[in-house]
Structures are given as structure tokens and as C-alpha cells.
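Chains as they are written, first to last, in the numbering used here: chain A, 1 to 572; chain B, 1 to 181.
Read the hints as simulated data drawn from the structure, not as lab findings.
Among the clues, some could well be false.
[To be verified] Residues on chain B that point at chain A, a partial pick, calculated with CB under 10 Å:
| no. | residue |
| --- | --- |
| 1 | Pro13 |
| 2 | Arg25 |
| 3 | Val70 |
| 4 | Val73 |
We treat Cβ as the ideally placed atom computed from N, Cα and C, and that holds for glycine.
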Amino acid sequence: MKRTGAQIIWECLVRQGVTDVFGYPGGAILPAYDAMLDYPIRHVLVRHEQGATHMADGYSRASGRVGVAIATSGPGATNMVTGIATAMMDSSPIVCITGQVGSKLVGSDAFQESDVTGVTLPITKHNYLVTRAEDVAPAFREAFEIASSGRPGPVHIDITKDAQQSSCEFDWDAAAPRKPEFRPDWSAAPADFQRALELINTAERPIILAGHGIILSSAMDIVRAFAEKANIPVTPTLLGIGSFPASHPLNLGMMGMHGEAWVNQAIQEADLLLAFGMRFDDRVTGNLKTYALNAKKIHIDIDAAEINKNVRADVGIVGDLRQSLEQLMPGVKQGDRSKWIARVNEFKGDVAVRDIQNLPDDGHLYAAHVINDLWRATEGDAIIVTDVGQHQMWEAQYYHHDKPRSLITSGGLGTMGFALPAAIGAKMACPDKEVWVVVGDGGFQMTMCELATIVQEHIDINVAIINNGYLGMVRQWQEFFYERRYAATPLINPDFKKLAEAFGLPAQTVTKRGEVIPAVEAARKNRQTVVIDFKVEQEDTVYPMVPAGAALDAMIRRPSPSPIIETGADVL
Amino acid sequence: MLNTFAVYVENKPGVLTRVASLFRRRAFNIESLTVGHTDKPGVSRMTIVVDTDDLGARRLEAHIYKLVNVLRVENITAKPGVFRDLAMIKVAATAESRTHIMQLVDVFRARVVDVAPDSLIIEITGTEDKIDGLLEVLRPYGVMEMVRTGRVAMARGARSAAPADAGTGPADEDSNVFHSV
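Chain A on its own, in the form it takes in the complex (with noise of 0.2 Å):
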């Protein structure tokens, strides 16, 4: 059947499955916006392209499912690259579509031309030019293979508008992504699981290090089945969180700059490494002249360009986590670690598990509170979505994530502005699920706009503002290494209650510890999103921190006494 280019995107996106795309319109993307409304797509427009691009990485990170962004040429392109670059470092599935001048014009400087194939080609898994009519099918299906397979990653479509407007046959099947000509087989052979088997079954201190990859290769069974047997702690990376039940008592929590000492100390102790899906990232391993160095290394992971980037591997295993664990598994031994793990209960000593819930209310209001009362009210299971910064430390440390896609942030762009859109393309993919946007004051700004999108679309999220008056990790930095000289760190910000309303949604300001929880039970049963302006203490600091580029169990600890303490049990 004969389309038009235009058509054809739409009909490529109806038989991929895709039901919601996040996008902003323009003159060069206008004849694909013109056929979208014949086709059974929900649109959600976005108040800024990158925006779009965070709602699809959201949407992608909650669901699995590839998720979708739209823009115009030029400036709507650019817009989307810190969008595209975040989903790229945290291994998002997105199919990013924009228009482009017409062929001839491309090379002229037309109005709203950029050369914008040739700023996303470092930041996406690939990216398509696309000029004919005849190659949109192949673009689209490849697009969406190469974004979903392997280690998943974005993958941007460039569409000239005239290929978008004129016609050819339209053939699906003959459109079907082709298989490259050669691949080498960089899968691990029998010694090599031979190999770490020996290694496993003899370690006396082994550590798991839980990564992201475990939540994309769905072996979240298979990774607690194989801690289990073996008898082995568990630390999750920042984007492995919810990877393994956080209410596990093999689970010591969260590594890294942030991470629990215990955690830190432990890794420097152990003698065997498994590192399941993750890559080793500097604010995981510290200095890695010191990193680990009494322990062996066996890394899992799908892309083979990871083993020994970093750190070197004893055993460098390539292939899909789940199939390589399956592969391990019936040569598991089952472990006593009875020793190594009341070692490492020997190092949380008294700074054990955080209690902060039968502190006394001294009047503060910490952001440890916050997040803590957030998690107990919404009994852990709503998809909690974070910014960058401090806060985004507070909720890997004090909402406990039993269940993988629970927490969605953006962890190695780090990029402010992730988490107000990100929620709304999260909620989107889950509707049934409780979201809550947990953000900074400065993140916010950035992407605030997007509220509007919130009540334009009918968009039930709810938004917990950890206000400090500062960008707090800057500022946290500066109290650390740069003599308290708070260079463009302090915030005067906008009344945000009254900004919410202004938007139209209802929202309040909370200074005490005593109305958190009436007020996330109040937004909890608003049908409407609902912004709470939690105005926490403003100068307060993310304990432990390894400092970057040190060793990692050299920490700086929280002082004492704090007004945090740190005892007792942590549980629901």
C-alpha cells in the first residue's frame, strides 16, 4: 500500500507497540504531527524538548518497553540531547524522532537546520539520517532492535520533511531489521565458568556487587537464588537498587561515594568480587589503585567493551546475566559465610541501620525524615523518581526498594532537571502505580515547566520538593574541600506553593517533622498531582562520602552527636 514517509513513521510505531509518544512540534517535523492524529497514539506535549526525551526514558525505565520522543528540527533537535546523553549512560531503550529541513536545504543553514545526526552520534547506540521516503520502515524497525537488544541504549531518527511528505509502497515485512554479517563470539568458554566456579566455591569473603544490568536482563530470581545458595552478601549499585530486595538480610545496602561504610569496608576486604551487570564507575570504586585489592574479580556483562575498562577481571564473562548465571548455577556450592558475614556485621558496629524514626523531634526538619516518612507512608511501594544531588543520596539511603524498577534516577549523566519528567513518561507506562517525583529545589527549576504538562495531560504523580535554599551537594562540596566559600550555591527561590497553584495544582509547604506524613497521606488520596514544599534543614550533609578519587574506605563519617542517629532496626 502506498504512504506517505509521514504515515509510514506512525504505522512503524502502531506495530511496535508503541501507544504513547512525548513530543513538541515545529515546522519541520509538521506532516509527521499532521498524520499522527489518524493513528491510535496518545501524545503528550511536553513544555521543552528535554522533557520529551526524559518522559521516554521514564516511561522506558518503569515499563521495559521502548519509550518515544518527538521533536522539530534545530533548536527542538538540540533540546534533546542531554535527554538522548542521559538515557546513553544508564543504558535507556529510546527511539528519539526528529524533523530536519528538506533534503536540498540540508548543508545550507535553512532556517532551524542543524547538522544534528553529527552532535547525537557519540551519545546514542546509532543514529539514521533519513532522506527517502523508502528508507523510514528500515529506519524504524532497526531502530527499535538496536535500541532494545544488547546493552539497550537510544537510538535517534533524523527525518527530512521531504521525506515525510512524498510517497512509496509501504511493505512491514520487507522493512525487517537485518542481521549484522558477523558478530564474534565473545561469550565466555567452559573454562572460564570452569574458572570462576573454582573461584566462587572457594572464596571465603565474597561480595556481590548488584548492578543495573540485573533489572535489564530480568535475573532478579536467579541473582537472590544464587545469594542464597551460596550464602553471599549483596550491595547494590545506585541503578541496581531494587535489583535485590533491599529488605533482604543478605542485602547490605547501597555501595560507593555514598554508600554504606560497611558496604565500602567490606568490598575492601573481600577476597572474590562478583560483579553481576555493573561497570565499575568511579563513584563506585574510588581510587582504583586501591580499589579491592585483596579480592579476585569476576564481571558479568552483556557488552564486552566494559571487562577491564576499569578494573581487571579474573573472569570476564560477556553475555545476557541471566543466561551466564543459569549457566553457573548448577556448579554452585552451598556456602557457609557464616564467618565473613558477622564480620561484616562486626563493621556496621553501632552505626548499624539507620533509626531515624524514634529520634526526638528537636524542631528540624531533615530531609532524612522526609524521605524515610515518604517510604514508611507509601509502604515502599510506590516508583519513587529522583533528581540529582543530595536528595537523590537521602533516597537510596532511606526508602528501602524491594522491587526492581521502584527506583528510577538518573545515575551516571547525573543530570538535574531528570525527575519531574521522567515521573510523568514513569506514570505513564504504569498508571496503577503510585509515583512520587523526590526532587531538589534546584533540579526543580529546570524542568518545572513541565507541571503544566501534568495538568494538561491529567497526570496523577505526586511531587516532594526537598527544599534546602542551596544546590546541597555543591554546596556540600564546598564545605568539604573548598573552605565553606559558597560560590553560587545559595537559592532565592520561587514560593513553590503558590507556583504549583498557579499551574493549577494544589500543594502546601511543610517545615515540620510532625505534618510529613499527614501531608503525603493527603497526597496520596488527591486525585490531582499534589506539590509538597518540604523545607528541610539548609545545611545539612550526605554521611558517609568518600571523597572523589580517594581510597574508598576512606570516608568522611558523620560527626557525633548528630542529630541522625544511626541505631536499631530499620524496618516497616
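Once you have looked at the hints, place chain B on chain A.
Structure of chain B alone, referenced to chain A:
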């Protein structure tokens, strides 16, 4: 150490940029890069020389394979192979010095491809070392201009790095060529 990769890619717009951009953003410095058609329509072959260690080379190979338009990659550094560079050197030559220069050209098995009243153009094919050697002895006469292609390389023997049906051709049997230089 210098690693030499033979990379087969689809001959499409922008593919050279994709490969070059990969090296740049992964902070590998390209020593030389040549690209040209193969005997298979639509397939180009690149020879890329890069200074990195074994682990870096392995990681680089994995990265190159992530590019959709790449058909095949082979690190031929450690394989027995033929490595060639082609240079054209324009050297100042007076009536008196011309004979001397042409003798040197003979010794290096190079060729004079242009003679002008006050200069010669010399074409030489060989390993980088050999070309550097000729350049050294020509320098006193006054090298006016030089252009080099950068290294092209091919592994020896019947086994081919080329993708299926790229056509292997007969194996290089003239082993003297390699060792005589």
C-alpha cells in the same frame, strides 16, 4: 605499542566519522588511518594504526563492533602480515646532484616518477621504516614536499579477515617482498 586493525565497513555516508569519532571519544589517538574500496561493492576497508596496549586493543575491538555499520574487525598486529606505506617525495635536484639521488632511489628500490629542471618526484612503497630511511638520506638534498598514504596492511596466508564473499584472492606468496625491505 602500535596496533594495526583491518576494519571492514559498509560504504555509507558518515561511516568514517563514526569510526573516527569512536576513537576520539574513547581517547585513543589514531596514528594513521587509510580507507578505500574493496572488491565487494558497498564494502570499504580501513587500516587503522593506534598506539595502545593489549587490553586497550581488545576493548577497542569490542567498541568498534558496537558500530552498526561495521562488518568485521581484525587486529592483525601479531599476525604475520604485509605492511605498506606509499610516499611521494619531491626533492630539489640540480644537474649535478640528480645522478646521486637516482642512485639512492635505486638502492631503496624506489622510482622516479617526475623529473623537472630543479626537482624530482620519487615514489616509494614499503614499510614506514624504509620510507623514513630514504627520507633521511634525501634530506641533505632538500626535501621540498612529501605526502604519505599511511599504513595499509594485510595478514598473510589463505585465511582472510574479509567478510563473506568479499573475495580473498590468492595468498601473497612473494615472501621476499616482506623480508627484503
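Do the numbers back the hint for Val70/B, that is, is its least Cβ distance to chain A under 10 Å? holds, 8 Å
Proposed interface contact between Val73/B and chain A, which counts if any beta carbon pair is under 10 Å: Val73/B check passes; min Cβ-Cβ to chain A is 8 Å, inside 10 Å.
Against chain A, with CB atoms and a cut of 10 Å, does the hint on Arg25/B hold up? holds, 5 Å
Closer than 10 Å between Cβ atoms is the bar; does Pro13/B clear it against chain A? Give me holds or violated. Holds: closest Cβ of chain A sits about 8 Å from Pro13/B, inside 10 Å.
The earlier numbered hints are all upheld by this structure, with none contradicted.
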